[in-house]
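*Asks:* Listed below are the residues making up each chain.
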Amino acid sequence: MTALQPDNTSDPPARLIARLEAIVGRGNVLHSKADRFVYGYDASVFRGRPAKAVALPGSTGEVAELVRLANSEGLAFVARGAGTGINGGALPQEDLLVIELSRMNRILEVDPDNRLVVVEPGVVNQDLKLFLAKRGFGFSYVPDPGSQVVSTIGGNVGNNAGGMHCLKYGVTSNHIAGLEVVLPGGEIIEVGGKTPDRPGMDLTGFFVGSEGTLGIVTRIIARILPLPEAVLTQLALFPDLDSAARAVSGIMAAGILPAALELLDRRSMTLVDRAVHIGFPDAAGSALIIELDGVREGLEIEVGRVREICTANDAVEIQTAETPEAADRIWLARRAAYGAMARISPTIYIADGCVPRNRLSEAIGRAIEICARKGLEVINLAHAGDGNLHPLIPYDQTIPGEKEKVIEAARELLAMCVEMGGTITGEHGIGVEKQEEMTLLFNGRELDAMFSLKLAFDPADRCNPRKIFPVAMFDRLQLSGP
Amino acid sequence: MPREFLLPRNRGQSLAMGVFEWARLCRPMNDTPMNDTEKEMTATLTDSGLAPSRGFSPAPHLRRAWDAAESHCNRCGFCLPVCPTYRLTGAESASPRGRLDLMYAAADGKLELSDIAPALGLCLGCLACQSACPSGVPFGELLEAGRIDVAGEKGPAGFTRFLLGTLLDSPAFLKLAARTLYFYQRSGLQKLLRLTQLLRLAPTLARMERGLPPLPRPASWRGQIGPLPAASRSGGAKPALFFSGCVMDAVFGEVHRCTLVAMRHNGYTPVVPNGQGCCGALALHSGAEALAKEKARRNIAAFEAAGDPPVVVNSAGCGAAMKAYGGLLSGDSAWRGRAERFSARVVDVSELLTRETIRPPEHAVPMRVAYDDPCHLAHAQNIRDQPRMLLQAVPELELVELPEADWCCGSAGSYSLTHPKMAARVLERKMNHIAAAGVQAVATGNPGCLFQLALGAEQRGLAIRIVHPVQLLALAYTGREKA
Ligand SMILES: Cc1cc2nc3c(=O)[nH]c(=O)nc-3n(C[C@H](O)[C@H](O)[C@H](O)COP(=O)(O)OP(=O)(O)OC[C@H]3O[C@@H](n4cnc5c(N)ncnc54)[C@H](O)[C@@H]3O)c2cc1C
Ligand code: SF4
Ligand code: SF4
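Order-wise, the sequence lines are chains S and B. Position one of the first sequence corresponds to residue 160 (the working numbering), numbered consecutively onward. Position one of the second sequence corresponds to residue 626 (the working numbering), numbered consecutively onward.
FYI, nobody ran anything at the bench for these hints, they're computed from the structure. One or more hints might be untrue.
To be verified - Now the in silico label distances, taken between C-beta atoms and shown as ranges:
#1 N1057/B x S611/S: 47 to 57 Å
#2 N1057/B x R294/S: 14 to 24 Å
#3 L342/S x G956/B: 53 to 63 Å
#4 N1007/B x T429/S: 24 to 34 Å
#5 G1063/B x R294/S: 14 to 24 Å
#6 R635/S x A1061/B: 55 to 65 Å
#7 N1057/B x G184/S: 20 to 30 Å
#8 R635/S x G956/B: 53 to 63 Å
#9 H436/S x R961/B: 27 to 37 Å
#10 G956/B x P618/S: 53 to 63 Å
#11 D487/S x E1026/B: 13 to 23 Å
#12 E481/S x E695/B: 35 to 45 Å
#13 D692/B x A177/S: 34 to 44 Å
#14 A181/S x N1057/B: 26 to 36 Å
What the hints assert, rightly or not - DMTMM-like cross-link-like pairs, simulated, lysine to aspartate or glutamate; straight-line CA separation at most 20 Å:
#15 K327/S x D303/S
#16 K327/S x E456/S
#17 K918/B x D957/B
#18 K564/S x E528/S
#19 K293/S x E1026/B
#20 K293/S x E1029/B
#21 K293/S x D270/S
#22 K533/S x E571/S
#23 K288/S x E1029/B
Glycine included, C-beta positions come from ideal geometry on N, C-alpha and C.
Work the whole structure out from these sequences, hints included.
*Replies:* As structure tokens, this is what we get:
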């Protein structure tokens, strides 16, 4: 039985609301109880505090003014995009101002000559892609997190989002040329820019992936790439995980760099089949989706070599899509996995960790064991080329203790990844979910070095407070005073 | 605290009170969620989503709906891009995910029903979120439960109840209203009133007046179907029961006539059973559960008495409501089985006509036509292709795909009265697409949408006809607009 816990977040004082409204306009400040309540969640399994108030700015100037106001009130603040982060990064950890960037969603400039776009942070990833496609520029913005229909470019920058095509093209940080940032003190700076190889420190790289803890990104210069001349998709079925994983290593060792290389385990295949009827044969214990792209000429040869490598690793069946529709059908097997899983279970947890590519099948095997020990079901998807595994764990949040079990299993999974020489996140970031696990990966000196950078920008820890670093480091900070 | 104090009460049935209630319902709400400073927030900080059932809930319908739901919200956000109110405000509480979270919180007693009422009120009930949800969260059922809890045990009071209960059940009143309004619009009275700005004396009335769509000419449809087509006279006629509804019956007689024409040209013999009435959808959307159940029982009984052919509906909203009678009466052991059997018989007219190949019409209707998906067909019943097939069957009709065709038009029952600002913004987006499409007609199969789009076209001065798909199909069969 959960007793109602009184919450000591008080209603925001009218004076604060009035000052916020003076900056962003009356309709763009939210402060009713219900409004503040819903900013306590994101797509993670964690719950933050209700927001003290929510402001929806429309411009960089307004963001800077909000930040300065927060400082003058001694109030912390957090930037929020679509709230699809899985690590709890956008959750208020204290009584703070949420700066919701959904209104800043303009595509400001397309510069095909320099292969760049300039966008505001609230632009939805997919909307940018559709915009570029519709205008027929022949270019696209590549990073494609599974949440691309809803997540924002600002949030993608915050978490340095990855996606299926990041094996060949790199994660978000590889596609960001420059940023405009409102620093925690309210100053507006520009880092990076349209011209490559700028002198000075690479602050762009520093801000991308900092999960909103170093400032609020208000404008993004992103790279766009020409669409590949040809794309060929293959589906290879293997008797077990091991042979598929060996094929992955074989492909990479042969110097072939697929655009995407996705792996599904047997349980995922069964579920997907039930949902969208792909018709996987019973003999198949795992599936690899291999997408090759580039100039048409060399591609046939590469497809042939991939086929050879798969056959050499005991593939039971290899299909090559002859038409775009056939390719879509193959991709459906991967894309439908999340929904298929989500549908059969009341709620679902998406884990994220990395191991060296050649130990992927071992890691998946151990992930299944860890979950089984806790009485949990798990299906495994992986960005195999990166050794990035995504175990999906279904659970029922209404059963007492279930969620805690899942969180424990996830922690064990991360410890396993580190022990195998991997890391605690492939792409979802740290947030509040993995802040304690940082100690698995970094020693005290390393953490201190990173923390001192954070404090150089944000001495009072007002900008997305108490994230990324182990909580004890913030407690120490509070004891010693900023 | 005894439950009585948590629920908004029905404050009496006097007509004066009723009018007050109605005025309150019609008062434009602050479309952006409101300030609330009276009460202490009581929220747990650590858990997300629903806590285990504790037996007692201040929101019993919500609690029950959550306990019955097989899927819970993962907060993945995939429903955000399709939600009109979220897209237009950017506010999380105006998103499906936010509304679900608030409904969890109310069921758990973490927030009071009065806290979540504005967020539920702003929801169009269009169910686009339900179509987009990969997890299969039954948003519509939860929303309905939430609205019932918010309305309180006795449902909406006074005049609202009178309107939903008595007036919608009175064909005579509805006909009178339709004719009076038609007369008002066409006689020059409307022009006069608008010119003199007399209505400024009564702002609520003025707002309602401005929101009044141009009404079609009242037409009686019973006995106006014309001679039987040769095809069905030559035997093999299939019986089908026709649901005539309340507003459709009074205002859209011409649509009814065309529906029957199209059915007969496809070999059906339509029968209109006696004793049927309003489907109850509007009552349910206002949280008047008891009233909705009453109406459901009456319709079930009326159609049972007429045998077991399919029950054909030409209003998306009524069809969706009647397909859900099984769920509505699931707690009533005497009626559950009957309700389920009835729901299984309900078909939209477009479903019925596309069961077999549509009989090719002989007359050409050379028009450029856009189809606009009613939410209660596309999202509530997953009927998207069938109405388009009706239009494609019409010779020389050019069917145009509208961008965001399955976005709500903002009509959503009484929504345009309670949330005029949001309704207008949603409509504006729809009309932008329609204006850009360069069409002569827009076809859509729901009375609310027919009203709303007609209003939008009138406000913009667009010379576009707003019709039900069966009207174009019937025209192609008969070659004539009138009976
Ligand atoms: C079903 C599903 C699939 C997913 N698949 C993937 C995937 O394949 N790959 C992947 O990498 N992630 C994936 N994610 C995780 C998530 O979608 C990404 O991390 C995404 O980048 C978050 O974007 P958002 O707009 O929702 O940001 P939010 O969740 O709102 O914010 C994320 C973080 O960025 C910060 N932030 C947001 N905007 C700004 C800004 N303007 N300036 C500074 N900081 C900011 C926030 O403070 C927060 O710390 C998935 C999530 C779901 C639910
Ligand atoms: S799409 Fe479904 S699971 Fe995802 S946030 Fe919306 S309602 Fe919840
Ligand atoms: S029903 Fe429509 S308006 Fe309501 S939450 Fe769903 S998508 Fe949004």
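*Asks:* Now, for every hint given, state plainly whether the structure supports it.
*Replies:* Hints versus structure:
Range check, N1057/B to S611/S: about 52 Å between beta-carbon atoms, so the 47 to 57 Å window is met. Distance hint for N1057/B and R294/S: a CB-CB separation of about 19 Å, consistent with the stated range 14 to 24 Å. Between L342/S and G956/B, the C-beta spacing of about 58 Å keeps the proposed range 53 to 63 Å intact. Separation of N1007/B from T429/S is about 25 Å and conforms to the stated range, judged on CB atoms against 24 to 34 Å.
Range check, G1063/B to R294/S: about 21 Å between beta-carbon atoms, so the 14 to 24 Å window is met. R635/S and A1061/B have their C-beta atoms about 60 Å apart, which keeps the hinted 55 to 65 Å range intact. In this structure the supplied range 20 to 30 Å holds for N1057/B paired with G184/S, their Cβ-Cβ distance being about 23 Å. Under the hint 53 to 63 Å, the C-beta atoms of R635/S and G956/B, about 57 Å apart, fit the expected range.
The hint said 27 to 37 Å for the Cβ distance between H436/S and R961/B, and at roughly 33 Å that hint holds. At about 60 Å, the beta-carbon gap between G956/B and P618/S stays in the expected band of 53 to 63 Å. Distance hint check for D487/S and E1026/B: the Cβ-Cβ separation is about 20 Å, which falls inside the suggested range of 13 to 23 Å. One distance hint, 35 to 45 Å for the beta-carbon pair E481/S and E695/B, holds here, with the actual separation near 39 Å.
A C-beta distance of roughly 43 Å is found between D692/B and A177/S, which places it inside the suggested range of 34 to 44 Å. Roughly 32 Å separates the CB atoms of A181/S and N1057/B, a value that falls within the hinted 26 to 36 Å. Distance check on the hinted pair: K327/S and D303/S sit about 12 Å apart at the alpha-carbon level, within 20 Å; holds. Simply put, K327/S and E456/S have alpha-carbon atoms about 19 Å apart, close enough for the 20 Å limit, and the pair holds.
A C-alpha spacing of about 10 Å is found between K918/B and D957/B, which places the hinted pair at or below 20 Å, so the restraint holds. Restraint check for K564/S and E528/S: the C-alpha separation of about 14 Å stays at or below 20 Å, so the hint holds. As the CA atoms of K293/S and E1026/B are separated by approximately 16 Å, the hinted pair is consistent with the 20 Å bound. Among the hinted pairs, K293/S with E1029/B is consistent with the structure: their alpha-carbon atoms are about 15 Å apart, no more than 20 Å.
The straight-line distance between the Cα atoms of K293/S and D270/S is roughly 15 Å, inside the 20 Å bound, and the hint therefore holds. Proposed proximity of K533/S and E571/S is supported: the alpha carbons are some 11 Å apart, at most 20 Å. For the given pair, K288/S sits about 17 Å from E1029/B by alpha-carbon distance, which is consistent with the 20 Å threshold.
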